[in-house]
Structure formats: structure tokens, C-alpha cells
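Peer 1: Each chain is listed here by its residues.
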Amino acid sequence: AQSVTQPDIHITVSEGASLELRCNYSYGATPYLFWYVQSPGQGLQLLLKYFSGDTLVQGIKGFEAEFKRSQSSFNLRKPSVHWSDAAEYFCAVGKAAGNKLTFGGGTRVLVKP
Amino acid sequence: NAGVMQNPRHLVRRRGQEARLRCSPMKGHSHVYWYRQLPEEGLKFMVYLQKENIIDESGMPKERFSAEFPKEGPSILRIQQVVRGDSAAYFCASSPPGSQNTEAFFGQGTRLTVV
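Respectively, the protein sequence lines represent chains A and B. Here this note's numbering is used: the first residue of the first sequence is 1, the next is one more, and so on. Here this note's numbering is used: the first residue of the second sequence is 1, the next is one more, and so on.
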């Protein structure tokens with residue numbers, strides 16, 4: 001069975017500092033990997049996705065993620081966070097066919113001024 | 001092109017009542033997925049539907065929950081005889097046919113509160 005682990009439940013970062021959110025997955029085949037962001041009371045917005053090809057993926061809002069098969073990881077990074085990046089971030093893995101996703105527990109990011 | 005529309009956004013039900021949650025997929029999308037997000041948790045897959053067919057309901061509770069996606073109209077997630085533990089945010093996502101290499105688009109969710 002597939003699973004996703006986000007080890008950090010909360011992260012506090014200063015505005016302008018770099019951010020890295022960890023994601024480890026367990027999956028028996030080539031995974032389809034996603035990062036979503038959820039602002040309070042809102043739905044999920046896709047930040048980026050990895051299906052194949054270049055293992056460094058660029059997304060929206062200045063985010064990027066790197067797929068490392070040997071480590072079963074798909075960590076999300078941003079060089080310089082903005083106050084508007086305060087939200088909850090979810091990593092997810094899906095099958096090649098269809099979009100039934102398994103989500104991690106989420107990481108809540110707080111941005112200090 | 002409107003996104004995935006869910007209504008109502010907020011729903012309050014008393015224990016024992018029925019809850020009906022609606023999801024209109026994006027135009028041209030024929031695949032619908034329902035997820036549940038319990039407080040302080042990630043999203044959990046419930047059911048995957050295509051028009052008039054349930055493809056995968058492995059995440060649906062065995063009792064009181066049902067889902068449909070008729071030929072015409074929105075997808076409906078129905079919860080009968082709600083209990084306090086059903087309080088959660090329910091999200092719908094949709095994707096187009098042949099979704100091998102596309103992501104699903106999520107709605108804003110319906111927040112169900114059972115009192």
C-alpha cells in the first residue's frame with residue numbers, strides 16, 4: 001500500500017528565509033508526486049507535480065521540488081518565503097492511471113515578520 | 001471556465017439527519033473524486049466515480065455513506081444518519097478523460113458540522 005510521510009507537523013520561518021518541507025513516500029512503482037497548498041478555510045491549490053523526466057521540478061509561487069528515487073523523497077523548497085506563504089502544505093502520491101491520491105498529514109508553515 | 005464547484009460551503013446537521021454534498025466538476029471533466037479531511041489531518045480518499053459508475057469506493061465507510069455521479073447533474077455524496085464523527089471538510093476533485101498525465105483540480109470543499 002502506498003503511504004506518504006511528512007515528518008514536520010509545524011515549521012516556523014522568518015520572512016525572507018529559505019524553506020524546505022520534507023516528504024517521504026512508499027510506493028511500489030514509479031510514483032506520480034504532488035505538492036498542494038491549503039490556506040485556512042480554503043481548498044487545495046496545486047504547487048507542482050512530478051510525473052517523469054527532470055527530477056527538479058519548478059512550480060508556482062517560486063516553489064521547487066526535487067524527486068530523489070534512492071531516498072524515496074520529494075522535498076519542497078523555496079529560497080525566500082513571503083508572509084503570504086503561511087499555509088498548510090500537503091505532499092501526495094498517486095498511481096499512473098487515474099488520480100486517486102494518498103496524502104501526507106501536512107506541514108503547517110508559520111511565517112514570522 | 002469555472003473551477004470545481006462544491007455546495008454548500010458550510011453545512012450544519014443535527015445527529016441523525018442526512019447530509020447531501022454536491023460537486024459540479026470542471027467543464028469537460030468526467031472523473032470525480034471525493035476526499036475527507038478530518039480536523040488536523042490530511043485528506044483521505046473516499047471514492048472515485050465516472051459518469052454513472054463507481055470505479056473505486058475503497059475509502060468509503062461501509063455504512064451510511066453513498067456517492068453517485070449521474071449522467072446529468074452534479075456528483076452527490078450522501079451521508080445518512082450523521083454522527084459527530086462525520087464532522088469534517090469534504091473535498092471533491094475532478095479530472096478529464098484519459099487522465100494519465102494530468103492532475104485533479106480540487107473544489108473549495110464543504111465543511112460539515114454535526115451538532
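Quick caveat, the hints were computed from the structure, so don't treat them as lab data. Heads up, the beta-carbon is just placed ideally off N, CA and C, and yes, glycines get one too. Don't take every hint at face value.
[Stated by the list, open to error] Stretch by stretch, here's where chain A covers chain B in the computed footprint (C-beta under 8 Å, at least three residues):
1) 11-25
2) 44-57
3) 68-80
[What the hints assert, rightly or not] List of simulated lysine to aspartate or glutamate pairs, EDC-like, C-alpha gap at most 20 Å:
4) LYS95/A / GLU72/B
5) LYS61/A / ASP56/B
6) LYS95/A / ASP56/B
7) LYS44/B / GLU88/A
8) LYS44/B / ASP8/A
Peer 1: Which of the listed hints are broken here?
Peer 2: 1, 3, 4, 5
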